[in-house]
Amino acid sequence: GENVEQHPSTLSVQEGDSAVIKCTYSDSASNYFPWYKQELGKGPQLIIDIRSNVGEKKDQRIAVTLNKTAKHFSLHITETQPEDSAVYFCAAPRVTGGGNKLTFGTGTQLKVEL
Amino acid sequence: KAGVTQTPRYLIKTRGQQVTLSCSPISGHRSVSWYQQTPGQGLQFLFEYFSETQRNKGNFPGRFSGRQFSNSRSEMNVSTLELGDSALYLCASSGSGGNYEQYFGPGTRLTVT
Numbered sequence: 001g002e003n004v005e006q007h008p009s010t011l012s013v014q015e016g017d018s019a020v021i022k023c024t025y026s027d028s029a030s031n032y033f034p035w036y037k038q039e040l041g042k043g044p045q046l047i048i049d050i051r052s053n054v055g056e057k058k059d060q061r062i063a064v065t066l067n068k069t070a071k072h073f074s075l076h077i078t079e080t081q082p083e084d085s086a087v088y089f090c091a092a093p094r095v096t097g098g099g100n101k102l103t104f105g106t107g108t109q110l111k112v113e114l
Numbered sequence: 001k002a003g004v005t006q007t008p009r010y011l012i013k014t015r016g017q018q019v020t021l022s023c024s025p026i027s028g029h030r031s032v033s034w035y036q037q038t039p040g041q042g043l044q045f046l047f048e049y050f051s052e053t054q055r056n057k058g059n060f061p062g063r064f065s066g067r068q069f070s071n072s073r074s075e076m077n078v079s080t081l082e083l084g085d086s087a088l089y090l091c092a093s094s095g096s097g098g099n100y101e102q103y104f105g106p107g108t109r110l111t112v113t
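Taken in sequence, the protein lines are chains A and B. Residue numbering for the first sequence follows our numbering, beginning at 1 and increasing consecutively. Residue numbering for the second sequence follows our numbering, beginning at 1 and increasing consecutively.
To be clear, the hints were calculated from the coordinates, so they are not data collected in a lab. Quick reminder that beta carbons are idealized off the backbone N, C-alpha and C, glycines included. A portion of the hints provided could be inaccurate.
[Unchecked claim] Chain A regions said to be covered by chain B (calculated; three or more residues, Cβ under 8 Å): (1) 17-24; (2) 70-82; (3) 108-114.
[Claimed, not checked] Simulated crosslink set (DSS-like; lysine-lysine; CA at most 27 Å straight-line): (4) A:Lys22 x A:Lys58; (5) A:Lys37 x A:Lys58; (6) B:Lys13 x A:Lys22; (7) B:Lys57 x A:Lys57; (8) A:Lys71 x A:Lys57; (9) A:Lys37 x A:Lys111; (10) A:Lys22 x A:Lys68; (11) A:Lys71 x A:Lys22; (12) A:Lys68 x A:Lys42; (13) A:Lys71 x B:Lys13; (14) A:Lys37 x B:Lys57; (15) A:Lys58 x A:Lys111.
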């Protein structure tokens, strides 16, 4: 099955700096790569995703890049703000068998310091 | 559109009891997936229901079961609760296209004592 590794597990940045979180996946057939943000006491919120037919996608201060050859994808947050502090998860689907099963990375605790 | 709703939000049960959790997906979504989130194991897939049929299943014991109704609402049941079942149970809703986009509810925090 799919295996997703995520690094780093914790990340502390100064407000205004950039943050980068990286994930690798094992199933070369995977074709969809979402990123979720989870704040304390809430469910994961889908913040951006990318499909395998593009290499980069941007939405205001967040962007995701995908390298299918190396089987890794990254989340980039620019001009970080205190409200960006949360746990971020990457995920990849299990393509065989159909359906909507996602395998998640272990999460990155991002702390944006004033 | 209203988001995914889950009830109850918090639950305390005793070892050996059973529990039923409920999830209402986003209007028009026909796929509901359930995940267990714990500090030690992270987010783990339990099962997915689509059009009242289980379409995918994770690696959990048979004590974990689910069902989906004709209005796409889903329930999951855990029988003979164990201390290790204490977790945040999350429900995610998807459209019918199998395009993997999933939207999560706030979760049900289950504590087993």
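Comparing the hints with the structure gives:
1. 17-24: violated (count 0)
2. 70-82: violated (count 0)
3. 108-114: This one is violated; 0 residues, fewer than the three required, reach chain B with a Cβ under 8 Å.
4. A:Lys22 x A:Lys58: Roughly 16 Å separates the two Cα atoms, so the pair holds.
5. A:Lys37 x A:Lys58: holds (16 Å)
6. B:Lys13 x A:Lys22: The given pair, whose Cα atoms are some 38 Å apart, is violated under the 27 Å limit.
7. B:Lys57 x A:Lys57: violated (31 Å)
8. A:Lys71 x A:Lys57: holds (16 Å)
9. A:Lys37 x A:Lys111: holds (13 Å)
10. A:Lys22 x A:Lys68: holds (13 Å)
11. A:Lys71 x A:Lys22: holds (11 Å)
12. A:Lys68 x A:Lys42: Not satisfied, since the Cα-Cα distance of roughly 31 Å exceeds 27 Å.
13. A:Lys71 x B:Lys13: With a Cα-Cα distance of about 42 Å, the restraint between A:Lys71 and B:Lys13 is violated, given a limit of 27 Å.
14. A:Lys37 x B:Lys57: Holds. A:Lys37 to B:Lys57 sits at ~25 Å (cutoff 27 Å).
15. A:Lys58 x A:Lys111: holds (22 Å)
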